[in-house]
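Enquirer: Under UniProt numbering, the sequence shown has 190 at position 190, and the numbering climbs by one with no breaks.
These are calculated hints, taken from the structure and not from any lab test.
Nothing here was measured: the structure is a model prediction, and the numbers come from that model.
Hints should not be assumed to be uniformly reliable.
In silico EDC-like links for lysine to aspartate or glutamate, alpha-carbon gap of 20 Å or less [said to hold, decoys possible]:
id : residue 1 : residue 2
1  : Lys182    : Glu171
2  : Lys346    : Glu158
3  : Lys182    : Glu94
4  : Lys90     : Asp239
Cβ pair distances, simulated, as ranges [said to hold, decoys possible]:
id : residue 1 : residue 2 : range
5  : Leu343    : Leu303    : 40 to 50 Å
6  : Tyr23     : Arg243    : 15 to 25 Å
7  : Ser246    : Leu198    : 45 to 55 Å
8  : Gly97     : Glu47     : 49 to 59 Å
For glycine and all other residues, C-beta sits at the position ideal for the given N, C-alpha and C.
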Amino acid sequence: MSLSTEVINEVAPSRASVTNRFYQPELDGLRFYAFLGVFVCHTLPFETSFYRSFHLPLPWLWGAVVKAGAAGVDLFFALSAFLITSLLLKERLETGGISLKLFYARRVLRIWPLYFLVIALGIVLSHTMSNQNLPWFYVAGYLLFVGNWVHAVFGRPESIAFPLWTVSIEEQFYLIWPLLVKKFERRGLIISGIVMFLLATACRVGLVLAGVSGGYIYYGSTARCDSIALGSLMALFADRLPRLTSGTRLLLVGGGLMGWIVSSAWLTDQPGPISMREVSGRLIISLAAGAILYGCLYSRTKLLTGPWFVSLGKVSYGLYLLHLVGLLIAKSLIHPISGMALLGTKAIGFVVTLILAFASYRWVESPFLRLKDRFARVLSRPV
1 MSLSTEVINE VAPSRASVTN RFYQPELDGL RFYAFLGVFV CHTLPFETSF
51 YRSFHLPLPW LWGAVVKAGA AGVDLFFALS AFLITSLLLK ERLETGGISL
101 KLFYARRVLR IWPLYFLVIA LGIVLSHTMS NQNLPWFYVA GYLLFVGNWV
151 HAVFGRPESI AFPLWTVSIE EQFYLIWPLL VKKFERRGLI ISGIVMFLLA
201 TACRVGLVLA GVSGGYIYYG STARCDSIAL GSLMALFADR LPRLTSGTRL
251 LLVGGGLMGW IVSSAWLTDQ PGPISMREVS GRLIISLAAG AILYGCLYSR
301 TKLLTGPWFV SLGKVSYGLY LLHLVGLLIA KSLIHPISGM ALLGTKAIGF
351 VVTLILAFAS YRWVESPFLR LKDRFARVLS RPV
């Protein structure tokens with residue numbers, strides 16, 4: 001997809017065709033919390049012995065809470081689907097149609113610059129550091145946006161590029177979903193969303209019955225699309241969903257977090273064939289992500305819309321893609337064995353990740369985001 005001046009001039013909309021800005025700041029804050037869950041999951045151990053060494057009560061619960069942080073990925077999926085669907089529906093309502101050219105151009109400008117930078121960095125580190133290994137087939141998968149399927153077959157690479165698998169799933173969604181939104185009216189889209197949701201559970205059941213490795217359930221697009229379906233359906237019903245009281249919001253968010261913790265506690269981390277609890281566990285995690293998203297929609301609590309949280313949410317893409325780089329830098333500065341030294345390293349890694357993310361947003365992402373507005377028919381968050 002070329003971004004030359006000629007193409008820009010060909011597809012860029014006139015100012016008259018651009019609608020009012022669509023922006024929900026509470027979702028920026030929620031993005032940051034989704035990242036925070038993933039960061040905690042990738043930095044702290046699951047083993048109860050670690051928490052027992054600090055004489056913490058219920059050490060098994062701490063391990064389950066840390067493990068539940070991985071569900072932040074499901075929240076990212078639901079958030080992305082909600083926002084993309086909302087923007088597409090608003091574009092169709094206010095301009096009378098959907099420009100696929102403009103949509104794909106916007107996605108390229110938002111996702112590709114940092115995405116390909118991380119691939120390049122992963123390749124360089126793979127050739128310069130002994131603890132980094134990114135074989136060519138992972139690189140090929142990332143370049144073709146099928147990295148999640150490479151992970152399903154070969155497992156997790158020992159590379160800072162590991163988080164890119166989730167971008168592959170989102171890019172596959174972005175390839176297909178706008179075509180459906182352009183083709184179908186609301187009823188057809190609701191049916192499509194329900195089919196997508198049921199497809200994920202059906203795929204998980206089939207994979208368990210086939211006795212395949214759990215990697216296909218964890219990384220496979222068809223087995224992870226229920227969170228995406230819920231986000232899309234929520235956008236389709238957004239104008240009909242009842243506004244929530246503070247108590248109801250608290251119940252939804254608290255219940256969702258509890259669902260993550262309970263489900264994560266019984267999901268296995270062992271390689272090899274998996275059981276039916278993987279089916280129910282992943283289903284609960286997706287439903288919980290939907291509950292958390294609904295509980296936060298249109299909320300004005302400062303824990304979501306406060307300036308710091310909105311700013312952190314704006315750089316959440318960089319936080320997510322660069323957090324393993326930040327942890328790698330911290331580990332090179334301190335060589336922890338266990339206990340407090342380990343926690344200190346993770347804290348330094350978090351600070352380094354923040355610095356990298358803000359630098360990325362300022363010097364890598366923002367120039368492309370400003371250009372992205374030239375392709376907008378519905379303006380979203382200001383740069």
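Enquirer: Each hint needs a verdict: does it hold in this structure or not?
Expert: Evaluated hints:
1. Taken as a hint, the lysine 182 and glutamate 171 pair is honoured in the structure, with Cα atoms around 17 Å apart against an allowance of 20 Å.
2. Straight-line distance between C-alpha atoms of lysine 346 and glutamate 158 comes to about 18 Å, which keeps the hinted pair within the 20 Å bound.
3. Distance restraint check for lysine 182 and glutamate 94: the Cα-Cα separation of roughly 14 Å lies within the 20 Å cut-off, and the hinted pair is therefore satisfied.
4. At most 20 Å may separate the alpha-carbon atoms for a hinted pair to count; lysine 90 and aspartate 239 meet this at roughly 12 Å.
5. With their beta carbons about 24 Å apart, leucine 343 and leucine 303 fall outside the hinted range of 40 to 50 Å.
6. At roughly 18 Å, the beta-carbon separation of tyrosine 23 and arginine 243 lies within the given 15 to 25 Å, and the hint holds.
7. For the pair serine 246 and leucine 198, the beta carbons lie near 33 Å from each other, so the given range of 45 to 55 Å is not met.
8. In this structure the supplied range 49 to 59 Å holds for glycine 97 paired with glutamate 47, their Cβ-Cβ distance being about 54 Å.
In terms of the numbered hints stated before, the structure departs from hints 5, 7, listed from lowest to highest.
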